[in-house]
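Engineer: One letter stands for each residue in the lines below.
Number of protein chains: 2
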Amino acid sequence: MSLKQNEIRVIEVGPRDGLQNERTPIPTDVKLRFISSLVASGIEEIEATSFVSPKWVPQLADACEVVQGLSSGPKFSALVPNSRGLTRALECGVNRIAVFTAASEAFTKKNINMSIKESIDEFESVIRQFRAEVSDGWVRAYVSTAFECPYAGRIPSKAVCDVVERVLELGIDELSIGDTLGVAAPKEVESLTRDLLSFVSPEKLCYHFHDTYGLAVANTAQALEMGVTSFDSSAGGLGGCPYAPGATGNMATEDLVYFALRTGIPCSIDLDRLANASLEILESLGRRPQAKAQVARLALASETCPK
Amino acid sequence: MSLKQNEIRVIEVGPRDGLQNERTPIPTDVKLRFISSLVASGIEEIEATSFVSPKWVPQLADACEVVQGLSSGPKFSALVPNSRGLTRALECGVNRIAVFTAASEAFTKKNINMSIKESIDEFESVIRQFRAEVSDGWVRAYVSTAFECPYAGRIPSKAVCDVVERVLELGIDELSIGDTLGVAAPKEVESLTRDLLSFVSPEKLCYHFHDTYGLAVANTAQALEMGVTSFDSSAGGLGGCPYAPGATGNMATEDLVYFALRTGIPCSIDLDRLANASLEILESLGRRPQAKAQVARLALASETCPK
Numbered sequence: 023m024s025l026k027q028n029e030i031r032v033i034e035v036g037p038r039d040g041l042q043n044e045r046t047p048i049p050t051d052v053k054l055r056f057i058s059s060l061v062a063s064g065i066e067e068i069e070a071t072s073f074v075s076p077k078w079v080p081q082l083a084d085a086c087e088v089v090q091g092l093s094s095g096p097k098f099s100a101l102v103p104n105s106r107g108l109t110r111a112l113e114c115g116v117n118r119i120a121v122f123t124a125a126s127e128a129f130t131k132k133n134i135n136m137s138i139k140e141s142i143d144e145f146e147s148v149i150r151q152f153r154a155e156v157s158d159g160w161v162r163a164y165v166s167t168a169f170e171c172p173y174a175g176r177i178p179s180k181a182v183c184d185v186v187e188r189v190l191e192l193g194i195d196e197l198s199i200g201d202t203l204g205v206a207a208p209k210e211v212e213s214l215t216r217d218l219l220s221f222v223s224p225e226k227l228c229y230h231f232h233d234t235y236g237l238a239v240a241n242t243a244q245a246l247e248m249g250v251t252s253f254d255s256s257a258g259g260l261g262g263c264p265y266a267p268g269a270t271g272n273m274a275t276e277d278l279v280y281f282a283l284r285t286g287i288p289c290s291i292d293l294d295r296l297a298n299a300s301l302e303i304l305e306s307l308g309r310r311p312q313a314k315a316q317v318a319r320l321a322l323a324s325e326t327c328p329k
Numbered sequence: 023m024s025l026k027q028n029e030i031r032v033i034e035v036g037p038r039d040g041l042q043n044e045r046t047p048i049p050t051d052v053k054l055r056f057i058s059s060l061v062a063s064g065i066e067e068i069e070a071t072s073f074v075s076p077k078w079v080p081q082l083a084d085a086c087e088v089v090q091g092l093s094s095g096p097k098f099s100a101l102v103p104n105s106r107g108l109t110r111a112l113e114c115g116v117n118r119i120a121v122f123t124a125a126s127e128a129f130t131k132k133n134i135n136m137s138i139k140e141s142i143d144e145f146e147s148v149i150r151q152f153r154a155e156v157s158d159g160w161v162r163a164y165v166s167t168a169f170e171c172p173y174a175g176r177i178p179s180k181a182v183c184d185v186v187e188r189v190l191e192l193g194i195d196e197l198s199i200g201d202t203l204g205v206a207a208p209k210e211v212e213s214l215t216r217d218l219l220s221f222v223s224p225e226k227l228c229y230h231f232h233d234t235y236g237l238a239v240a241n242t243a244q245a246l247e248m249g250v251t252s253f254d255s256s257a258g259g260l261g262g263c264p265y266a267p268g269a270t271g272n273m274a275t276e277d278l279v280y281f282a283l284r285t286g287i288p289c290s291i292d293l294d295r296l297a298n299a300s301l302e303i304l305e306s307l308g309r310r311p312q313a314k315a316q317v318a319r320l321a322l323a324s325e326t327c328p329k
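Chains A and B are the protein sequences, given in the same order.
The opening position of the first sequence corresponds to residue 23 in this note's numbering, with each subsequent residue numbered one higher.
The opening position of the second sequence corresponds to residue 23 in this note's numbering, with each subsequent residue numbered one higher.
Simulated from the structure, these hints should not be mistaken for laboratory data.
Even for Gly, the Cβ is constructed at its ideal location relative to N, Cα and C.
Some clues are possibly wrong.
Straight line, CA to CA, 27 angstroms or less: simulated DSSO-like cross-link-like pairs of lysine-lysine [claimed, not checked]:
no.	chain 1	residue 1	chain 2	residue 2
1	B	Lys209	B	Lys226
2	A	Lys226	A	Lys209
3	B	Lys139	A	Lys209
4	B	Lys209	B	Lys180
5	B	Lys77	B	Lys132
6	B	Lys131	B	Lys180
7	B	Lys139	B	Lys226
8	A	Lys209	B	Lys180
9	A	Lys226	B	Lys226
Have a look at the derived ranges for each label pair, beta carbon to beta carbon [as the list claims (entries may be wrong)]:
no.	chain 1	residue 1	chain 2	residue 2	range
10	A	Leu322	B	Pro47	53 to 63 angstroms
11	A	Gly308	B	Glu146	37 to 47 angstroms
12	B	Pro49	A	Gly308	32 to 42 angstroms
13	B	Ala154	A	Gly249	54 to 64 angstroms
14	A	Ser290	B	Gly91	49 to 59 angstroms
15	A	Leu322	B	Leu320	56 to 66 angstroms
16	A	Ser223	B	Arg153	40 to 50 angstroms
17	B	Leu219	A	Gly286	13 to 23 angstroms
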């Protein structure tokens, strides 16, 4: 492995992807405190919320309040599923949006009740409207189930590349390629990355790994070796997809940051402050820590293991 | 990554390394049932117990009973810390032994109260006696703290290579190089592996990774890429070193096997049967599953995530 010594770019998705499936309502001020603790740890890019219909995801009904409570400085974005969501997002002053599709027809159908083509058509009009209204706007496109779909099984690399090509034509700033189920092994990441990098610049490419089978960091190391330096992760490993059975969580930001620091990759994030931010939100949610770097840190601090 | 398509060799260390630190006594028949379930899952090499002094590790006082209760077929080995342990092991008919040293002086001093040289001298006489009595005997040597020591910090690759050279002169069959704290990143594994492979054949080299920071499988992928195909792991991720603060467990065999199977590496181990073997022993110990592949499997089975 010949790791590039570039800084790694961490896109924190915990406040959106991590919290969206929580059933108990989380007060807006708890969300904002979480985001503010993440910022204090040195995280510079955060997907803060989603302008999905409050009927579908009541947890994110406060999207506008969250956006309006954000500090200035870091780069905050919001997921925007459709034109109606965009209208709300624009009203709150959002200038970085994320749109969503998948590499599997069966998945878009079940997840957002559209074909892949319909979802891309939908966000073509979202992007057009957004670009018209926000001159310095930034658009990220998620392409999920890029390795395997819970309904259709393995997804061929060609299917991913086809969707990516169509998405790129819409003039997006960044792609986030998701292993939604967290099942892929580094060899698959190698193969897909090689295919993607034949027509996508590495600066536009970002991976969104889930750690279901403990392979998220191994997959990150693989992608990094090939020149991809942007990775989504979620503080505390919060999240997962409610429509993807067995997907037990995003790569934990703690584990990603530990990996980067130990590898000697410059990273502006303070692991201790990040771990404290995670502990705080986990406590609010009544959850146990699961990020390996967090569990190790707590074990060391408690000295349960004799010195 | 250009993965070799060799079979991966899994050396299961759970029954020894996983159980040695359990405070509550585990009945011998529970240990034997665990081992027999592991064998039924397709595991072919198991470190079954340790002939350490029962005064130091009461949990393994039944080493002889365990060895005498083993089936024939799989390759079973036992850790032998000194001549007294070897005498006991030979009386029970052990024909595969493991000896133990470290790359850090501070660690051998604290862990076994010897300098590295003393520990190697000790096992030189152990190996001589063993070879004299067991004509078809097999010897593995552990070199622990190969990346970092809880007392001395980072361990330079040269220190590891020096110890390995001395150990190889004793005519051992296999080395197991340990990331005892589970802190190393793939880049360090790359560097040490390169140095080791300059004078050790890959068939003699085995890694023993801990998953403290979630990097065990990433490190395995790195070593595999470089031609090392033998890895220690522990069913359910049981174990860790009582003298290594923060070392929260071995790489889980489930995670290693999932990685191998998903990568397309032939592996004779049945993941479902293996996971059941782990569940059984975890239940006996009153422990929650922690191997990612196990947690994912249970989540899928319970359908907590809506289909």
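Engineer: Now, for every hint given, state plainly whether the structure supports it.
Structural biologist: Against the structure, the hints:
Of the pairs offered as hints, the one joining Lys209 (chain B) and Lys226 (chain B) holds, with about 21 angstroms between alpha carbons and a cut-off of 27 angstroms not exceeded. Note on Lys226 (chain A) and Lys209 (chain A): the hinted pairing holds, with a Cα-Cα distance of about 21 angstroms set against a maximum of 27 angstroms. With a C-alpha separation of about 41 angstroms, the suggested pair Lys139 (chain B) and Lys209 (chain A) falls outside the 27 angstroms cut-off, and the hint is violated. A C-alpha spacing of about 16 angstroms is found between Lys209 (chain B) and Lys180 (chain B), which places the hinted pair at or below 27 angstroms, so the restraint holds.
Of the supplied pair hints, the one linking Lys77 (chain B) and Lys132 (chain B) holds, its CA atoms being roughly 17 angstroms apart against a limit of 27 angstroms. As the CA atoms of Lys131 (chain B) and Lys180 (chain B) are separated by approximately 19 angstroms, the hinted pair is consistent with the 27 angstroms bound. This hinted pair checks out: Lys139 (chain B) and Lys226 (chain B) have alpha carbons roughly 22 angstroms apart, not beyond 27 angstroms. Distance hint between Lys209 (chain A) and Lys180 (chain B) is unfulfilled; the C-alpha atoms sit about 31 angstroms from each other, more than 27 angstroms.
Between the alpha carbons of Lys226 (chain A) and Lys226 (chain B) the distance comes to roughly 43 angstroms, so the proposed pair goes past 27 angstroms and is violated. Checked against the hint of 53 to 63 angstroms, the C-beta distance between Leu322 (chain A) and Pro47 (chain B) comes to roughly 28 angstroms, which is inconsistent with it. Between Gly308 (chain A) and Glu146 (chain B), the C-beta spacing of about 56 angstroms breaks the proposed range 37 to 47 angstroms. Pro49 (chain B) and Gly308 (chain A) have their C-beta atoms about 36 angstroms apart, which keeps the hinted 32 to 42 angstroms range intact.
Taken as a hint, the range 54 to 64 angstroms holds for the pair Ala154 (chain B) and Gly249 (chain A), whose Cβ atoms sit roughly 56 angstroms apart. Between Ser290 (chain A) and Gly91 (chain B) the CB atoms are about 56 angstroms apart, so this pair conforms to the stated range of 49 to 59 angstroms. Roughly 28 angstroms separates the CB atoms of Leu322 (chain A) and Leu320 (chain B), a value that falls outside the hinted 56 to 66 angstroms. For the pair Ser223 (chain A) and Arg153 (chain B), the beta carbons lie near 60 angstroms from each other, so the given range of 40 to 50 angstroms is not met.
Judged by the Cβ atoms, the range 13 to 23 angstroms given for Leu219 (chain B) and Gly286 (chain A) holds: they are separated by roughly 22 angstroms.
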